[in-house]
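Chemist: As you go down the protein sequences, you meet chains A and B in turn.
Sequential numbering of the first sequence, starting at 69, is according to this note's numbering.
Sequential numbering of the second sequence, starting at 3, is according to this note's numbering.
Don't take every hint at face value.
[What the hints assert, rightly or not] These stretches of chain B come out as covered by chain A in the derived footprint (C-beta under 8 Å, 3 or more residues):
id	stretch
1	40-49
2	52-58
3	103-115
[Stated by the list, open to error] In silico lysine to aspartate or glutamate, EDC-like type, Cα no more than 16 Å apart, as pairs:
id	chain 1	residue 1	chain 2	residue 2
4	B	Lys43	A	Glu123
5	A	Lys166	B	Glu55
6	B	Lys43	A	Glu85
7	A	Lys166	B	Glu60
8	B	Lys42	A	Glu73
9	B	Lys54	B	Asp72
10	A	Lys166	B	Asp32
11	B	Lys38	B	Glu60
12	B	Lys46	A	Glu83
Honestly, the hints are just simulated from the structure, not real lab data.
The structure displayed is predicted, hence computed values, not measured ones.
For every residue, glycine included, the Cβ atom is placed at its ideal position computed from N, Cα and C.
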Amino acid sequence: SQQGEEDPQALSIQEGENATMNCSYKTSINNLQWYRQNSGRGLVHLILIRSNEREKHSGRLRVTLDTSKKSSSLLITASRAADTASYFCATDADSWGKLQFGAGTQVVVTP
Amino acid sequence: DTAVSQTPKYLVTQMGNDKSIKCEQNLGHDTMYWYKQDSKKFLKIMFSYNNKELIINETVPNRFSPKSPDKAHLNLHINSLELGDSAVYFCASSQVAGYTEAFFGQGTRLTVV
Numbered sequence: 069s070q071q072g073e074e075d076p077q078a079l080s081i082q083e084g085e086n087a088t089m090n091c092s093y094k095t096s097i098n099n100l101q102w103y104r105q106n107s108g109r110g111l112v113h114l115i116l117i118r119s120n121e122r123e124k125h126s127g128r129l130r131v132t133l134d135t136s137k138k139s140s141s142l143l144i145t146a147s148r149a150a151d152t153a154s155y156f157c158a159t160d161a162d163s164w165g166k167l168q169f170g171a172g173t174q175v176v177v178t179p
Numbered sequence: 003d004t005a006v007s008q009t010p011k012y013l014v015t016q017m018g019n020d021k022s023i024k025c026e027q028n029l030g031h032d033t034m035y036w037y038k039q040d041s042k043k044f045l046k047i048m049f050s051y052n053n054k055e056l057i058i059n060e061t062v063p064n065r066f067s068p069k070s071p072d073k074a075h076l077n078l079h080i081n082s083l084e085l086g087d088s089a090v091y092f093c094a095s096s097q098v099a100g101y102t103e104a105f106f107g108q109g110t111r112l113t114v115v
């Protein structure tokens with residue numbers, strides 16, 4: 069069964085605006101990861117946040133994790149057309165690296 | 003240098019055929035995975051190998067058989083292909099299973115006709 073649920077399913081914004089997407093999950097986790105997938109391409113890792121962390125930054129990306137609510141958010145600040153992609157959250161709940169992915173948020177950034 | 007590479011990138015084949023997808027990683031990782039992405043972009047793990055040993059085997063038809071000749075390679079063989087096998091298959095690797103991020107290949111788009 070699907071572990072993560074992303075919200076919204078789709079997001080359309082203009083360059084320079086911020087994009088926020090949320091991920092909820094069902095079971096306790098070791099870590100939560102965010103990935104980006106450009107159309108027709110593989111997944112690219114963005115950020116990994118461990119269960120004992122609450123916030124992490126990487127460039128224009130900010131990820132938060134609330135384990136009490138079993139939810140995470142990804143914020144992309146000052147978006148660019150190149151940020152157009154699908155964004156997936158994935159939870160890692162065991163010791164074997166088995167990632168369980170959500171359905172993804174499709175982000176379109178228009179110039 | 004490509005970190006995780008899979009071949010072929012596209013595969014079109016008829017029902018009933020047997021096909022293989024190859025994957026190689028040059029990152030020195032111990033753990034490799036196969037994921038399947040369906041037409042709705044939903045990704046699901048199929049198999050995982052740690053240092054050539056199978057550690058995850060999800061509910062996958064036994065027509066799918068992974069093979070890891072060494073820790074840098076994880077191939078996927080599919081027998082008696084069915085229409086429902088059409089999907090994008092991704093190979094991935096990670097340095098420490100359950101602790102570090104995964105690196106994905108570019109995917110193999112399999113179309114069964």
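Chemist: If a hint holds in the structure, say so; if it doesn't, say that too.
Modeler: Hints, one by one, checked against the model:
For the stretch 40-49 of chain B, the proposed coverage by chain A is satisfied: 6 residues have a C-beta within less than 8 Å of a C-beta in that chain, meeting the threshold of three. Judged by the Cβ-Cβ criterion of 8 Å, the stretch 52-58 of chain B is covered by chain A as claimed, because 3 of its residues qualify and three suffice. Counting residues of the stretch 103-115 of chain B whose C-beta lies closer than 8 Å to any C-beta of chain A gives 7; at least three are required, and the coverage claim holds. The straight-line distance between the Cα atoms of Lys43 of chain B and Glu123 of chain A is roughly 27 Å, outside the 16 Å bound, and the hint therefore fails.
Of the pairs offered as hints, the one joining Lys166 of chain A and Glu55 of chain B holds, with about 15 Å between alpha carbons and a cut-off of 16 Å not exceeded. Our distance criterion of 16 Å between C-alpha atoms is broken by Lys43 of chain B and Glu85 of chain A, whose separation comes to about 26 Å. Restraint check for Lys166 of chain A and Glu60 of chain B: satisfied, since their Cα atoms lie roughly 10 Å apart, inside the 16 Å limit. Restraint check for Lys42 of chain B and Glu73 of chain A: the C-alpha separation of about 14 Å stays at or below 16 Å, so the hint holds.
Between Lys54 of chain B and Asp72 of chain B, the direct Cα distance comes to roughly 6 Å. Compliance with the 16 Å bound is thereby established for this hinted pair. Restraint check for Lys166 of chain A and Asp32 of chain B: the C-alpha separation of about 14 Å stays at or below 16 Å, so the hint holds. Restraint check for Lys38 of chain B and Glu60 of chain B: the C-alpha separation of about 11 Å stays at or below 16 Å, so the hint holds. The hinted pair formed by Lys46 of chain B and Glu83 of chain A fails the criterion: a straight-line CA distance of about 32 Å is larger than 16 Å.
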